[in-house]
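**Student:** Given the coordinates of chain A, work out where chain B should sit on it, guided by the hints.
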Amino acid sequence: MSAAAPSDLHELTLTEAAALVRDKRLSPVEYLRALRARAAALEPKLNAFIRPLWDEAEAAAREAEAEIARSGPRSPLHGLPVGLKDIIDLAGHPTTCHSKILLDNVKQEDAAVVARLRAAGAVFPGKLATHEFAIGGPTFELPFPPARNPWNPAHHPGGSSSGSGTAVAARMLPAALGTDTGGSVRNPATQCGIVGMKPTYGLVSRRGVFPLSFTLDHVGPMTRTVADNALLLNAMAGYDPLDPGSVERPAEDYTRDLGGGLKGLRIGFVRHFHETDTPATPEVAAALEEAARLLAREGAVVRDITLPKLGEFAAVNRVILTSEAAAVHEPWLRERPGDYAPLTLRRLLPGMFVGGVDYVQAQRRRRDLVAAVEAAFREVDLLLCASSMDPASRIDDEAETERTYPRQARTPFNVTGHPAISVMCGLSAGGLPIGMQLVGPSWSEAMLYRAAAGYERAAGWVERRPAL
Amino acid sequence: MSSSEDEAREAESLARAAGLTKAWAEHRAAVLEAIAAARKFRDGFVRPADPAAEPMPSYRVPGTQEGAR
Chain A
4 MSAAAPSDLH ELTLTEAAAL VRDKRLSPVE YLRALRARAA ALEPKLNAFI RPLWDEAEAA
64 AREAEAEIAR SGPRSPLHGL PVGLKDIIDL AGHPTTCHSK ILLDNVKQED AAVVARLRAA
124 GAVFPGKLAT HEFAIGGPTF ELPFPPARNP WNPAHHPGGS SSGSGTAVAA RMLPAALGTD
184 TGGSVRNPAT QCGIVGMKPT YGLVSRRGVF PLSFTLDHVG PMTRTVADNA LLLNAMAGYD
244 PLDPGSVERP AEDYTRDLGG GLKGLRIGFV RHFHETDTPA TPEVAAALEE AARLLAREGA
304 VVRDITLPKL GEFAAVNRVI LTSEAAAVHE PWLRERPGDY APLTLRRLLP GMFVGGVDYV
364 QAQRRRRDLV AAVEAAFREV DLLLCASSMD PASRIDDEAE TERTYPRQAR TPFNVTGHPA
424 ISVMCGLSAG GLPIGMQLVG PSWSEAMLYR AAAGYERAAG WVERRPAL
Chain B
2 MSSSEDEARE AESLARAAGL TKAWAEHRAA VLEAIAAARK FRDGFVRPAD PAAEPMPSYR
62 VPGTQEGAR
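Residue numbers (our numbering), protein chains in the order written: chain A, 4 to 471; chain B, 2 to 70.
Same shape as in the complex, but just chain B:
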C-alpha cells in the first residue's frame, strides 16, 4: 500500500473517530486541511518544563478565588 493511501486511511480513521463521517464524505478537502492544521498547531508553542505547571484557569470550588502559585 502506498504512503498516500496510508495517509488517506489514517485521515478517514481520525475523521470517523471525531464523529465527522458526514464532513469526510462531503467536505473531504476541508477535513484533510483541518487534520494538517491541528498537527501544525501543537508545534507552535513551548511546553512548560515544570511537571507541576498548572493550566489556566485553575479549577477552584465555587465561592473561592484562585490563589497565587
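The shape of chain A in the complex, shown without the other chains:
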C-alpha cells in the first residue's frame, strides 16, 4: 500500500502524504508508525513532545484508514497527523502550558481549531513543548525540558511554539499548530527553517487556546513547505461565533494560487527594520538582500518602503501584551509566584505595574500604526522584511538568548493583525536557518502563499534539512 520505502516515509510532506492516502498507496497507520519510529530515535535529544499520544493517534489512524477504504477521504488531512502546542486543548488530556501550575488541567473539549481538524480527519500524536504560558523563554526550570533546534541541538529552536518547530523540522511530524502573540509561530519557523503563518486576526478561532493576550493572540499552521501550510490552513480557518474576535467570511481555498508565481507582484522591502531600527547580523542582512534580488529576478517589482519604527511597534505590543497577560495571570501572580519559572515570572510581572492610562494609550497608538501599514498596502501588494535579526543562540547561553530574542520584526503584525508568513531564506555560517517574512493586507493569505511558494521554488532552501 505504500509508495515510499518505509524508512523514508517520515520525509513525506503533508501534501505528498495526502495524495498517497487519497490514491490508497499509503496507509495512515504505516505513515504514523514511521513518524513514531523517527520520534523515538530523535526525542531523547530534541524534547519536542510534552505528551506523546501515539497509541491514541494510531487508533484514530486505523479508523481513518477503514473509512477511507469504504468511502474515500473526508479531506486531504484524513488520517494524517498534526501536533498541538500544549496551550491548545485536546479533549481528554491536560493542557499544561508547559507549566507546573497547570499539570492537572485536563480538558473535556477540543479547542475549536482542533475540532475543525478532527472533523477533517486529522489525528493528534502529541502535545508539544512551548515556552511556559507562551511567554517565558527556553529554560530548564520547568516540569518538562525545553525543545532543542534540530539543526543543532545545542541551540534553541525559537519559541514560544518551540516543540512545534522542532517536531516539524526534524520530520517527526509533517505539521503542527502554533500560536503567535509577539511572533511565536514565526520565530520557531525562522529558527528551524520551516514555514509558519500567522493568519489575519479573526481567521482562526482562539477558543480553547490558553490566552496570552486577547487582542494579539493568533493560532497558525507550521509545516515544512508552503503548500502544506496552505493545506492545513484550509482546515483551520472558519468563523466561530463563540470566539468574540472571530470574523465571518466566505471559505477560501488557500492553495488556489500556489503556482501563480511572483511576476507582477509589487513588494515593499521594509529595509529600515533590519538596517537601522534593529540592525541585523551581517549574514541575516545579506540573506534578506539576496532574497529581495531573487524576488525581483522572478518578476516581482521590489522597492523600499517605510513604516513606523520597529521600536514603536514593539513598545505598543509590549504594553498591550503584558497588561492583558497580567489580567489572565493575576491570581497566580499574587498567590503562586514561586510556581512559575523565574524567567516567566520576570516576563509576566511588568504587566502588574502598567497603568490603565498606558494601556489605553498603547491601544490608541495601535490605530495609528495599523493605519500606517494600511497606507503601505495602497502602494504595494505585500511587504518583505526580516524575521529574527540573529540566528538561534545556544540554549544554555541565557544572556545571549535574552539579548537576541527581542531583536525581531514580527510584533508589528501582531499589533496590526495583518497576515505574515516566515519562510527560510538562508543558512548562517554556523549552519543555522535564517528566515524572512512576507506580509499582506488582511485576508490576503492566498496571495502570501502564492508569493512564498514562488520564492520557495526559486530559492531552493526547502531542499535543505538538518543533519540528524
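Incorrect hints may appear among the rest.
[Stated by the list, open to error] Some, not all, of what chain B presents toward chain A, calculated at C-beta under 10 Å:
#1 Gly20
#2 Leu21
#3 Ala38
#4 Gly45
#5 Phe46
#6 Pro58
#7 Ser59
[As the list claims (entries may be wrong)] Below, computed lysine-lysine pairings styled on PhoX-like, alpha-carbon distance capped at 25 Å:
#8 B:Lys23 to B:Lys41
#9 A:Lys312 to B:Lys41
#10 B:Lys23 to A:Lys103
#11 A:Lys103 to A:Lys48
For the record, the hints were derived by calculation from the structure and aren't laboratory data. Ideal Cβ placement from N, Cα and C applies to all residues, glycine included.
**Tutor:** Below, chain B without anything else, positioned relative to chain A:
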C-alpha cells in the same frame, strides 16, 4: 532617609497595591525589575495628539460592525 530607601519604600507600596505581597517577599528582585520595566515601556511609543483618538478595538454593541472613524 536616603533616596535608595525611598525607592525601596515606593516599590514596596507599588507591589502591595498590585496585590503582590507574596512576590515582594519571595521574589523581590523580579518585582523591582518589573517596576523598572513598566516605567520604561510607557516611554516607548508616541501618544496620539488628537484628544478624540479612539483606542483599538472600539467598543461596539453586539451584532454590529465597527465603523470607520
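**Student:** So which hints don't hold here, by number, going up?
**Tutor:** Those not satisfied: there are none.
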